[in-house]
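Read off the chains here:
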Amino acid sequence: MKWLCGLAIRLYPRQWRERYGDELEALLEDSQASGISALVDLGKGAVIIRLGEKKFIVLAFAMAGLVCAAAAWSAMPNVYRPLGTVAVPKSTTTPMINDAAGIVLSIPAVRDLMAAHGLDAADPAKIESVRRHILISKAASTKSGDFAFSVAFDSSDPMTAKAVTQDVMDRMLRNLPKEAATLDSPQIPRGPSWPSLPRMLLTGWWAESC
Amino acid sequence: MSDPTLLVLASLADGDKHGYAMMVDIEEFSGHKLGPGTLYGAITRLEERGWIRPIGTGGRRQPYRLSAEGRRHLESVLAELDQVVKTGLRRLKNA
Numbered sequence: 001m002k003w004l005c006g007l008a009i010r011l012y013p014r015q016w017r018e019r020y021g022d023e024l025e026a027l028l029e030d031s032q033a034s035g036i037s038a039l040v041d042l043g044k045g046a047v048i049i050r051l052g053e054k055k056f057i058v059l060a061f062a063m064a065g066l067v068c069a070a071a072a073w074s075a076m077p078n079v080y081r082p083l084g085t086v087a088v089p090k091s092t093t094t095p096m097i098n099d100a101a102g103i104v105l106s107i108p109a110v111r112d113l114m115a116a117h118g119l120d121a122a123d124p125a126k127i128e129s130v131r132r133h134i135l136i137s138k139a140a141s142t143k144s145g146d147f148a149f150s151v152a153f154d155s156s157d158p159m160t161a162k163a164v165t166q167d168v169m170d171r172m173l174r175n176l177p178k179e180a181a182t183l184d185s186p187q188i189p190r191g192p193s194w195p196s197l198p199r200m201l202l203t204g205w206w207a208e209s210c
Numbered sequence: 001m002s003d004p005t006l007l008v009l010a011s012l013a014d015g016d017k018h019g020y021a022m023m024v025d026i027e028e029f030s031g032h033k034l035g036p037g038t039l040y041g042a043i044t045r046l047e048e049r050g051w052i053r054p055i056g057t058g059g060r061r062q063p064y065r066l067s068a069e070g071r072r073h074l075e076s077v078l079a080e081l082d083q084v085v086k087t088g089l090r091r092l093k094n095a
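Sequences listed follow chains A and B, in order.
Each residue of the first sequence is one higher than the last, beginning at 1 in this note's numbering.
Each residue of the second sequence is one higher than the last, beginning at 1 in this note's numbering.
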């Protein structure tokens, strides 16, 4: 372990070693510090000294990273998620809802849904993306005592998000027992569910939503 | 109170010491065992600020001395700490 501590001194900058290297070696000899804790302490010390030497470079990289992150965040589209709720009889089992969802989310059905809303259904990747953005929850009792599940579609366009959510709800209803009914229709969201913070600050959406 | 720079300044307050002597002294009066990297990191910073300086040509066991500026800084920090300790103790007594 002693030779490892000697190696750890090599982690320090050359200029620093020229000034303090011999003293540090003498300290290691006198204190007989050669365990893991001494090794870790030397490594930590070397990092701190090196960062101290290059603090302006580190700061510049950190600032550049922050700017890139903010730019990437600003470039991300806002996501709107209108929510619709379908009330179902308590006798409706989870497999029944899953079966209905399976029909609605089948590739031909999603292709048809996309075509109905003017979305490009030629690309299989886009079909898959739309399938991933359609959200159908499990049925559960609501606060008002109904047994219901919710439907949503995430989109960067609030109008499309609302229209597709409504259409998915209607398609679900067609594949469920006739007692199932719309409890809450989806509304055009006032603001994005996941707003881009820099854009939100720049456009004043924050003030509007308050 | 485990700021290594303050511990080094306090160790040098009663006389010149080299690295190992500081390490032993600090452990005795504070209970903190400073690692070699931590100790020399503190020595580097203190020398840069002019609060300690190497004396003579100590070679591998270089002694350090508290400078006048370092002494003033130590006195000021200890006065602040003293105020905190006194206030804390008084409040504990009255609680």
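No lab work stands behind these hints: they were computed from the structure.
Positions of the beta carbon are idealized from the N, C-alpha and C atoms, including for glycine.
It is possible that part of the hints are untrue.
[Stated by the list, open to error] Below 27 Å or equal to it, Euclidean Cα-Cα: the simulated DSS-like pairs (lysine-lysine) are:
(1) B:Lys93 x A:Lys2
(2) A:Lys44 x A:Lys55
(3) B:Lys33 x A:Lys44
[What the hints assert, rightly or not] Chain A is faced by these chain B residues, among others (derived, beta-carbon under 7 Å):
(4) Tyr20
(5) Tyr40
(6) Gln62
(7) Pro63
(8) Ala68
Hint by hint, here is what the structure shows:
1. B:Lys93 x A:Lys2: 50 Å, violated
2. A:Lys44 x A:Lys55: With a Cα-Cα distance of about 16 Å, the restraint between A:Lys44 and A:Lys55 holds, given a limit of 27 Å.
3. B:Lys33 x A:Lys44: 16 Å, holds
4. Tyr20: With Cβ-Cβ at 4 Å, under 7 Å, it holds.
5. Tyr40: 5 Å, holds
6. Gln62: 5 Å, holds
7. Pro63: Status violated, d = 10 Å.
8. Ala68: 23 Å, violated
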